[in-house]
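Quick note, the sequences are listed as chains D and V, same order. Residue 84 in our numbering sits at position 29 of the first sequence, and the numbers go up by one each step. Residue 120 in our numbering sits at position 117 of the second sequence, and the numbers go up by one each step.
Any given hint could be a false lead.
Label pairs and their in silico Cβ distance ranges [what the hints assert, rightly or not]:
#1 D/P112 - V/A80: 32 to 38 Å
#2 D/A74 - V/A80: 44 to 50 Å
#3 V/M122 - D/L67: 22 to 28 Å
#4 V/A105 - D/P105: 27 to 33 Å
#5 V/N58 - D/G76: 34 to 40 Å
#6 V/N58 - D/L67: 46 to 52 Å
#7 V/T104 - D/A68: 27 to 33 Å
#8 V/P111 - D/A68: 21 to 27 Å
#9 V/P24 - D/P107: 28 to 34 Å
#10 V/E39 - D/A74: 45 to 51 Å
#11 D/E173 - V/P24: 30 to 36 Å
#12 D/G96 - V/N58: 19 to 25 Å
Covered stretches of chain V (chain D as the covering partner; in silico rule of three or more C-beta atoms under 8 Å from a C-beta of chain D) [claimed, not checked]:
#13 44-52
#14 60-68
#15 84-95
Residues on chain D that point at chain V, a partial pick, calculated with CB under 7 Å [unchecked claim]:
#16 V97
#17 V100
#18 G195
#19 G202
#20 Y204
Derived from the structure by calculation, the hints contain no laboratory data. Since we're looking at a predicted model, the values are computed, not measured. Glycine included, C-beta positions come from ideal geometry on N, C-alpha and C.
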Amino acid sequence: MTPALRRRLLLLAPFGIVAAGGAAFYGMLQGLQTGEFNPRGVPSVLIGRPAPAFDLPEVPGAEVPLFRHADIAPPGRPVIVNFWASWCVPCVVEHPQLMALSREGVPVFGIAYKDRPEDSRGFLRRHGNPFARLARDEPGRAAIDWGVYGVPETYLLDAQGIIRWRFAGAVTPEILAREIRPLLRRYAS
Amino acid sequence: MIRAALVLLLLSGPALAIGNPADMLPDPAQEARAREIGRELRCLVCQNESIEDSNADLARDLRLLVRERIRAGDSDAQVVAFLRDRYGDFVLLRPPFNASTAALWLSPALVLAGGILTMWLVRRRGHAAPAGPAPLSPEEQARLAALEAEARR
Numbered sequence: 056m057t058p059a060l061r062r063r064l065l066l067l068a069p070f071g072i073v074a075a076g077g078a079a080f081y082g083m084l085q086g087l088q089t090g091e092f093n094p095r096g097v098p099s100v101l102i103g104r105p106a107p108a109f110d111l112p113e114v115p116g117a118e119v120p121l122f123r124h125a126d127i128a129p130p131g132r133p134v135i136v137n138f139w140a141s142w143c144v145p146c147v148v149e150h151p152q153l154m155a156l157s158r159e160g161v162p163v164f165g166i167a168y169k170d171r172p173e174d175s176r177g178f179l180r181r182h183g184n185p186f187a188r189l190a191r192d193e194p195g196r197a198a199i200d201w202g203v204y205g206v207p208e209t210y211l212l213d214a215q216g217i218i219r220w221r222f223a224g225a226v227t228p229e230i231l232a233r234e235i236r237p238l239l240r241r242y243a244s
Numbered sequence: 004m005i006r007a008a009l010v011l012l013l014l015s016g017p018a019l020a021i022g023n024p025a026d027m028l029p030d031p032a033q034e035a036r037a038r039e040i041g042r043e044l045r046c047l048v049c050q051n052e053s054i055e056d057s058n059a060d061l062a063r064d065l066r067l068l069v070r071e072r073i074r075a076g077d078s079d080a081q082v083v084a085f086l087r088d089r090y091g092d093f094v095l096l097r098p099p100f101n102a103s104t105a106a107l108w109l110s111p112a113l114v115l116a117g118g119i120l121t122m123w124l125v126r127r128r129g130h131a132a133p134a135g136p137a138p139l140s141p142e143e144q145a146r147l148a149a150l151e152a153e154a155r156r
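This is chain D alone, in the form it adopts within the complex (with noise of 0.2 Å):
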């Protein structure tokens, strides 16, 4: 390498070095419009454990059958578990999305959290209702057991009850399309 090459090189490191970066940060846009990278995300420590037990009392009269610890020990096919709330407003943006599930037969599991149950059935009421069964967390004490950290918190787990795949934020259509649609296929057997 001459010694000009070389000083041209150099010169020239300070534009790759920006452009690098620029490259990265538009990459990070990208990733916070589709849902993909949060980067206030907590990783969840239960991916590849069985759900936790809980023992929650239903919505009243929400009529929704009340879902159990049972009825994902195991699930005997995937299914989705969804944490929310009625004064959620990340939740109004996924609702449409749990209800493609909930309309293509997807199980899809709701436990309202620290909701009261008139708004909860209210919230369902406006939007509609994605959820085969549902039960209220209040104290939000079988949440922290789940490791939740906020709503929405989507799980998905395999038929034989083990946590999979764990979203917090609400779930996009890319979410839907990208990641949830795929592993329902994977799990599917």
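Model the placement of chain V on the given structure of chain D, informed by the hints.
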């Protein structure tokens, strides 16, 4: 009015998150232990505060949970293990050293070593004798001799 409000704001010290005395344990020694443990646990919502400092709902739930475990006779390590079982290493404000946190713990040492290396390289270059002009080739020497001979004439 605004000035009075500002003075009040400045005078009010940082409030401890645990405002409700009913949340505290009756035994002061146990309460002290609970606070000690809580200061080492991260609030998962605010993420840069301990559960003792945070006002988030979840932080309060976790504070109560810590006190409940202590009352049930758990040791400090058991209480921490209980929460780590649910939220992983992330719940610890002082993460343990392992494969996934190695970069975090080692980065200060790496940066320091990089700085020392850079300084050493820069100093060594500064001390090196400045390179003189290249020695003359035989043709140049011959030409120089010819010029000198001419000058002497």
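Indicate whether the distance between the beta carbons of D/P112 and V/A80 respects the range 32 to 38 Å.
-> 33 Å, holds
Have a go at the D/G202 hint: is there a Cβ in chain V nearer than 7 Å to its own Cβ?
-> Holds, because the Cβ-Cβ distance from D/G202 to chain V comes to roughly 5 Å (cut-off 7 Å).
Between V/P111 and D/A68, does the beta-carbon spacing fit 21 to 27 Å?
-> At 25 Å between Cβs, range holds.
Distance restraint evaluation - V/A105, D/P105, Cβ atoms, bounds 27 to 33 Å = Hint holds: Cβ distance 30 Å, inside 27 to 33 Å.
With respect to the beta-carbon atoms only, verify the hint that V/P24 and D/P107 lie 28 to 34 Å apart.
-> 32 Å, holds
Hey, does the D/V97 contact hint survive, CB to chain V under 7 Å?
-> 5 Å, holds
Tell me if chain D covers the stretch 84-95 of chain V under the three-residue, 8 Å CB rule, please?
-> holds (count 6)
With a cut-off of 7 Å on the beta carbons, see whether D/V100 makes it to chain V.
-> Hint holds; D/V100 Cβ to chain V Cβ min 4 Å, cut 7 Å.
Do the Cβ positions of V/E39 and D/A74 conform to the proposed distance bound of 45 to 51 Å?
-> 49 Å, holds
Using the Cβ atoms, figure out if V/N58 sits within 46 to 52 Å of D/L67.
-> 50 Å, holds
Interface hint for D/G195, Cβ within 7 Å of any Cβ on chain V = Status holds, d = 5 Å.
Please verify that hint: D/Y204, Cβ, nearest Cβ of chain V, below 7 Å or not.
-> With a minimum Cβ separation of about 4 Å from chain V (threshold 7 Å), the hint on D/Y204 holds.
Checked against the numbered hints above, the structure violates none of them.
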